[in-house]
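K.L.:
Chain by chain, the residues:
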Amino acid sequence: MSGHDSKYFSTTKKGEIPELKEELNSQYKDKRKDAVKKVIAAMTVGKDVSSLFTDVVNCMQTENLELKKLVYLYLINYAKSQPDLAILAVNTFVKDSQDPNPLIRALAVRTMGCIRVDKITEYLCDPLQRCLKDDDPYVRKTAAICVAKLYDINAELVEDRGFLEALKDLISDNNPMVVANAVASLAEIQDNSNKPIFEITSHTLSKLLTALNECTEWGQVFILDALSRYKAADAREAENIVERVTPRLQHANCAVVLSAVKMILQQMELITSTDVVRNLCKKMAPPLVTLLSAEPEIQYVALRNINLIVQRRPTILAHEIKVFFCKYNDPIYVKMEKLEIMIKLASDRNIDQVLLEFKEYATEVDVDFVRKAVRAIGRCAIKLERAAERCISVLLELIKIKVNYVVQEAIIVIKDIFRRYPNTYESIIATLCESLDTLDEPEAKASMIWIIGEYAERIDNADELLESFLESFPEEPAQVQLQLLTATVKLFLKKPTEGPQQMIQVVLNNATVETDNPDLRDRAYIYWRLLSTDPEAAKDVVLAEKPVISDDSNQLDPTLLDELLANIATLSSVYHKPPEAFVTRVKTTTQRTDDDEYPEGTEPGYSESPAHVADGAASPPSSSSYVPSAAARQPVPPQSSSPPAAAAVPDLLGDLIGLDNSAIVPVDQPATPAGPPLPILLPASTGQGLQISAQLTRRDGQLFYSILFENNSQTVLDGFMIQFNKNTFGLAAAGPLQVPQIQPGSSAATLLPMVLFQNLSQGPPSSLLQVAIKNNQQPVWYFNDKISLHVLFTEDGRMERASFLETWRSLPDSNEVSKDFPGIVVSSVEATLDQLAASNMFFIARRKHANQDVFYFSAKIPQGIPFLIELTTVIGNPGVKCAVKTPNPDVSALFFESIETLLKA
Amino acid sequence: MAGAASALFLLDIKGRVLIWRDYRGDVPASQAERFFTKLIEKEGDPQYQDPVVYENGVTYMFIQHSNVYLMVASRQNCNAASLLLFLHRAVDVFKHYFEELEEESLRDNFVVVYELLDEIMDFGFPQYTEAKILSEFIKTDAYRMEVTQRPPMAVTNAVSWRSEGIRYKKNEVFLDVVESVNILVNSNGQIIRSDVVGALKMRTYLSGMPECKLGLNDRLLLEAQGRTAKGKAIDLDDIKFHQCVRLARFENDRTISFIPPDGAFDLMTYRLSTQVKPLIWVEAQVEKHSRSRVEIMIKARSQYKERSTATNVIIELPVPSDATNPSIRTSMGSASYAPESDALVWKIKSFPGNKEYMLRAEFLLPSITAEDADPERKPPIRVKFEIPYFTVSGIQVRYLKIIEKSGYQALPWVRYITIAGEYELRLM
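Protein sequences, first through last, are from chains X and Z.
Residues in the first sequence are numbered from -2 upward in steps of one, following this note's numbering.
Residues in the second sequence are numbered from 14 upward in steps of one, following this note's numbering.
Some hints here could point you the wrong way.
[Unchecked claim] Listed next, the in silico DSS-like pairs over lysine-lysine satisfying Cα-Cα at most 30 angstroms (straight line):
hint	chain 1	residue 1	chain 2	residue 2
1	Z	Lys152	X	Lys30
2	Z	Lys55	X	Lys771
3	Z	Lys152	X	Lys356
4	Z	Lys152	X	Lys324
5	X	Lys397	Z	Lys391
6	Z	Lys55	X	Lys44
7	Z	Lys318	X	Lys324
Hints were generated in silico from the structure; no laboratory data involved.
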């Protein structure tokens, strides 16, 4: 069954377009059909044939289904660029949607939905309404998906014309394929809406579970994925659901199996009977193991998911560790994931066999895999106390092979083992020192130096060893320099003799005067001060007992794990990140997708970056569910300046050691009144003429870092890049910074899309956001910004009264924190409510208490952490009391900062 | 948690777009192409690249088939398992249409490819991937003349894999039970993994809408029916069924009942993880006299009953990549040096049960070697074989009942065979 279509590609003569035009208008059917094929061939190789629009559309009225499909395909591609001409096709579409042949009716309605031209959308409504009630299930299943398409183009239209109700009716359709597509369509619409549209009641549940038995494999996946959101009322219902779903574990389609596993795991949370739970675990194990016989790409997805599953329910696969042993021909990405799971399943019972495997892998040829295998041995040592000694002896055997990267990796993990089991295995230090001169990787070097410093008193020639590193101190990477500094100080404190004393002077000199690395400098000055003022205190600090470490390098936070488990089989479970960290919905009605549009050699991703699309000009008519005003959608207007902001960079170094730093002088320039100006974070005086103002903002449910660059220097600045330090919410740039060249005296504004949970910092929550920006002409600029918590409030933070009360009661009183703001006046209730609602703090109720008014609000930050808020005030009088209750009271301080800002505004 | 693909791309070996279908208009082909060509350039071997990659707001998922990549792009939290599997199914569909899926066949059939891409996926949701039924209403040039007036019932039917009105003069069913043995032996000679993956491969040539019922000597089934098996009953670890099998019914009373698709398909696959004695045991002694020669001795022993015979046995043993001048002697079969895979390949046409054969070989090694050469690849010994009329599990088809309303008699033919799957023995 092979065709010869390639001949259509081979017409590259001059004057091709006029020739095609002529052929398209030929009186002979066959010639016209061939011409359309040539047009499609040209389109396929990326040539612009949009100028033939009218001629191609003229061929649309045909009995020939193949030709019709080709013309439709052409329309999907070019209607956007010819919106006015596209209207020519409408009549045929409408006519085709009433054709006696259901294939043509479905084709018409399917294609119209793909033409993202507003004018056509209006004409789509009537045919779609008809097709949703068509006699033929093939047409209905196509129409069901078309509702989601229409919603994507114009949500309001879908709501106004009652399509949502029609779609919900299709859930009761007698055809399983129609039901499945209606479910997919509704789930998609729900995902993009803040209103409750697709709520699964126990009634729909039973209908869908029945349809599950009859629809296609893909349909089963839609249904299972949608149903996994359903919360059973009690353990009994959960058991019933699970009983209906378990047969799916026997399906040949891996996606069906994984989605069934997801649903069973969800319901298991409610099941109280340990027998039932144990039984279910037993039932899930074999299908999960069988996933490892699937195609490697599927195995990869399965392994990423199994990684999550064993964190929540380790018993399921406790006895199956052998199936995760690597096969010689496994692709490297499969091997890496298997290794991760082997570590998770390693136990005292199986460790001997596991170590034998790791040792085998450590002698393979793929460097990354070998390193990971060595590291795995170390992690097992930290995890299993009783096996630590065996792990170490394997590591020593590997060191003896003298393969450079194996040795280095082994030293890195041995450092951790020393920390985990102090005073136990130091006898091997001598062996380690033998490989000293082969170390050339920073992390391995740093680890070895740490070991020497930590055990300086046991290593006779510790001073000689360290000294050998000192010569190259200035050339070493920062990581090594820091360790050298600390190790030398340790050595000095432990052996305060002449040799070390000289060394420490060399090091301190190197690390203060000779360096421009602030971290190193800070640490060196601190040591210096400690050593010169109070050596005993220095001992207490530097030689303090260290907290015990454990192997948590790959354990996920329980709330995140919950969310990921609810997302089994999806990308979220593959990335181990919540969906909002990577989902970027870009509205694209007017975005062109032609290939030719972008000249060769532009920066990758420049033209289509989300930041570019998100600016006002490209925004489509928004759905009613989006609140921001038109003004908010505009790109940030270039502003020359704003009043000097409070967020000047505090100079830690200056504070600490009294070094004088050039004072921060704010530049005084007239502020333009357009829009609220961004706070200046890097004044021009500090930034050698570059002034940076920036703020986090939220638009259409997306986080952006809105930045304004003003170039007051004499040079053209370009090549801007940005980096965010680890922070409490893991905020990071979702893409590269897109800033054009900035001429002297001009400015540029940009909206940088941001993601959450990328680089989380440990420690107590803080609003600090440290930013580094660099360009090709200047040094790196560091400045601090503040994360306003309310920017993180999500659009779905509204709570029903009942669930508000319930949540309030379910949280212990210790989670309630309150604060008074004596200076704040609430003068207009309405304005305040609007103000808060615009920041996704949703009003729930108001109650009078004597002369005071008490307001209740709800808000939510990503990962579903709710805030229940109570504001008490006397209207018009100064003084507001704010109480907040949240599962995570640590962040309430940040919350108060936010509410203060909001109420003052 | 809903989500779907934005676009599907068919790319050539360098990552350039051959054909693509834009489902949502939010991932331009230029962006995808730029990303993917860069990826291929960077990694060289896509084996090293995770099949799910995120860049600049878009997730790309891809598979490779001969000289073509199939890739979907998405901006949502879509079902990765479903979309990747869908790509594999798309390969099956294209293969059904064009015999082989490769760059040439895609170019030669681009019109049909577009039609298929329109039918198998809608708005990024996988829709329908039954090649046989698709070819009833999406036809290549040769069959274009027939006018299709409606989609086949099967597309939206509960029985979506079979059309009505199929007629055969002679109604026949062929059932092949194929068991592949996977084994992994570590360098200490311990068996660390051993399992059997079986498949019931069916070819049906049946008229109408036949109801089939299959009986196996499955212990749970026999117990459910309150019978004690005459022969031996077996326990199967995990069974997976083709979508035609009624899963709820199987869950209830372990009856395997179904209306089969027309033609070839895998009715069920199963797995057995009980440890079995390796059917062919291979021991190798490799003595490497550095910078002069390497001596190899292989012993291969068959550990099944004498009445069975393995055929087409191939034992592949890795040798150093710089080995030369082989001299090989065998007690059975023929052996040769395959320099392209740095291996010694020993072929034995027929290997009866309970026998032992030997091979001795010697290679010369160069007298000079690089000082600090990277560690050598250490592939395991690999063994291939087939043993007809034999299954490791002892699975038996007790009956295959075929009932059709026209009442014809259909003949089932059953064959059994065991083959080596991933059969690896690591060298010392």
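K.L.:
Work down the list of hints and note, for each, if the structure agrees.
P.N.:
Structure-based check of each hint:
no. : hint                 : result
1   : Z/Lys152 to X/Lys30  : holds (16 angstroms)
2   : Z/Lys55 to X/Lys771  : holds (26 angstroms)
3   : Z/Lys152 to X/Lys356 : violated (55 angstroms)
4   : Z/Lys152 to X/Lys324 : violated (42 angstroms)
5   : X/Lys397 to Z/Lys391 : holds (19 angstroms)
6   : Z/Lys55 to X/Lys44   : holds (28 angstroms)
7   : Z/Lys318 to X/Lys324 : holds (29 angstroms)
Of the hints listed earlier, those the structure fails to meet are numbers 3 and 4, in rising order.
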